[in-house]
Amino acid sequence: MSGLIMENIRHAFGESQILKSVSLVAESGKLTCLLGPSGCGKTTLLRLAAGLETIQHGCIKLREKLVAHSEQGLCLAPEKRGIGLMFQDYALFPHLNVFDNIAFGLPELTTERRDWIEKSLVRLGISKHRNSFPHVLSGGQQQRVALLRALAPQPEILLLDEPFSGLDVTRRAQIREETLTFLKECDVAVLMVTHDPDEAMFMADHIVIMKSGKVVQAGTPVQIYFHPATAFVAELFGEMNHFEGIVKNGQVETPLGAYSIPSVPDDQKAKVLVRMEGIQISMGHNKTAHQDKHLTFGHIHEVYLLGRSSHLHVHVPGPDNSDEVILHVRVPGVLKPEFDAAVTVWTDEKQVFVFGVDDTDT
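Positions 27 to 388 (the working numbering) are the ones given, in order, by the sequence shown.
Hints listed in this document are in silico derivations from the structure and should not be mistaken for laboratory results.
Heads up, a few of these hints could be off.
Derived BS3-like pairs (lysine-lysine); straight-line CA-CA distance at most 30 Å [claimed, not checked]: (1) Lys-56 - Lys-210; (2) Lys-362 - Lys-240; (3) Lys-210 - Lys-240; (4) Lys-106 - Lys-210; (5) Lys-56 - Lys-313; (6) Lys-362 - Lys-56; (7) Lys-87 - Lys-210; (8) Lys-46 - Lys-56; (9) Lys-106 - Lys-154; (10) Lys-106 - Lys-240; (11) Lys-91 - Lys-240; (12) Lys-91 - Lys-210; (13) Lys-295 - Lys-362; (14) Lys-240 - Lys-319; (15) Lys-274 - Lys-313; (16) Lys-274 - Lys-376; (17) Lys-145 - Lys-210; (18) Lys-154 - Lys-91; (19) Lys-376 - Lys-362; (20) Lys-319 - Lys-295; (21) Lys-274 - Lys-240; (22) Lys-295 - Lys-210; (23) Lys-106 - Lys-87; (24) Lys-91 - Lys-295; (25) Lys-237 - Lys-319; (26) Lys-87 - Lys-237.
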């Protein structure tokens, strides 16, 4: 069942068109991520869903119930929508303790809701802070209090605006995982705004990618990672090696071989993007290795150790043995080759994406 449906949403602030015919669905029991750069319209869309902005064009449904419709002049107040909203800065009340902050939005503190709060405090590991005030809590503890406050009234949909952005990087991954597990137990539809692609990949059942007020792609994390619709989407999920060339016989030549692009006519430009981890290497020049792959031979000139992986600069000949090209390669673990060490290079074609040049900025 659909928890939230937004159809053909357009919104402007003055002369600036922020949202341009945006539609999305957030399923009940699923976490949907709105992902995109700052200023693309994510938070405005969230505020429209919450009722904090008056709808200008389009309609919004919660659990099939119409809560906003521009042509009907309908725009229910936030408190009548059955939503929970967690702000980026948590917005806890400084004069209320943890328990009272969580219970604040309840019309009545029933025994059932009191028990839920007490059990949830234990579940999230903050029960000892039940009577503490926000200023003595860590960022992670404040985040969990804000989450429980948003969930306490049993909303039909939970809206999260950059819920982990204020957390220390060393704790962020742990709190993200704890939050995801807890939300799945709550079985609520969740719409979460983030600008962090790794966070979206980790958290989401469904990702909606926005750019300049439009949805450019929507799908599961696996669909979007392995089948990006545009170069913009592909580049969100990791650093890329970029190559451009002219299409000949339905293919474009690169230093790593020729790649098919039947959608682009011959004599037109095409762009090839290869993820850093999509470039595979073995030490030495071995012409018989991986005979099913196009092999390129190069030399390692730079190595940057990143702890869990190593970032290499590999120099290979350009197409038709033209000037050398520098490949950026990421390999797992620590690699310490000699300067100018010879390597054999090939690609994992699942990590190679080819686009017409006109598609790259969509």
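Results for each hint:
Distance hint between Lys-56 and Lys-210 is fulfilled; the C-alpha atoms sit about 8 Å from each other, no more than 30 Å. Between Lys-362 and Lys-240 the alpha-carbon distance is near 45 Å, which puts this suggested pair outside the 30 Å criterion. Restraint check for Lys-210 and Lys-240: the C-alpha separation of about 29 Å stays at or below 30 Å, so the hint holds. Our distance criterion of 30 Å between C-alpha atoms is met by Lys-106 and Lys-210, whose separation comes to about 24 Å.
Restraint check for Lys-56 and Lys-313: the C-alpha separation of about 49 Å exceeds 30 Å, so the hint is violated. Simply put, Lys-362 and Lys-56 have alpha-carbon atoms about 44 Å apart, too far for the 30 Å limit, and the pair is violated. For the given pair, Lys-87 sits about 22 Å from Lys-210 by alpha-carbon distance, which is consistent with the 30 Å threshold. Between the alpha carbons of Lys-46 and Lys-56 the distance comes to roughly 25 Å, so the proposed pair stays at or under 30 Å and holds.
For the proposed pair Lys-106 and Lys-154, the alpha carbon gap of about 33 Å is over 30 Å, so the pair is violated. As the CA atoms of Lys-106 and Lys-240 are separated by approximately 28 Å, the hinted pair is consistent with the 30 Å bound. For the hint pairing Lys-91 with Lys-240, the CA-to-CA distance comes to about 25 Å; that is within 30 Å, so the pair holds. Between the alpha carbons of Lys-91 and Lys-210 the distance comes to roughly 23 Å, so the proposed pair stays at or under 30 Å and holds.
Only pairs whose Cα atoms come within 30 Å are accepted, and Lys-295 paired with Lys-362 is rejected, the gap being roughly 38 Å. Our distance criterion of 30 Å between C-alpha atoms is broken by Lys-240 and Lys-319, whose separation comes to about 38 Å. Distance check on the hinted pair: Lys-274 and Lys-313 sit about 26 Å apart at the alpha-carbon level, within 30 Å; holds. Proposed proximity of Lys-274 and Lys-376 is supported: the alpha carbons are some 22 Å apart, at most 30 Å.
The straight-line distance between the Cα atoms of Lys-145 and Lys-210 is roughly 16 Å, inside the 30 Å bound, and the hint therefore holds. A distance of roughly 40 Å separates the Cα atoms of Lys-154 and Lys-91; the hinted pair therefore is violated under the 30 Å criterion. For the proposed pair Lys-376 and Lys-362, the alpha carbon gap of about 27 Å is at most 30 Å, so the pair holds. With a CA separation close to 24 Å, the supplied pair Lys-319 and Lys-295 stays within the 30 Å bound.
For the hint pairing Lys-274 with Lys-240, the CA-to-CA distance comes to about 33 Å; that exceeds 30 Å, so the pair is violated. Distance restraint check for Lys-295 and Lys-210: the Cα-Cα separation of roughly 46 Å exceeds the 30 Å cut-off, and the hinted pair is therefore not satisfied. Simply put, Lys-106 and Lys-87 have alpha-carbon atoms about 13 Å apart, close enough for the 30 Å limit, and the pair holds. A C-alpha spacing of about 48 Å is found between Lys-91 and Lys-295, which places the hinted pair above 30 Å, so the restraint is violated.
With a CA separation close to 36 Å, the supplied pair Lys-237 and Lys-319 exceeds the 30 Å bound. In summary, the hint linking Lys-87 to Lys-237 is supported, as the alpha carbons are separated by about 23 Å, within the 30 Å threshold.
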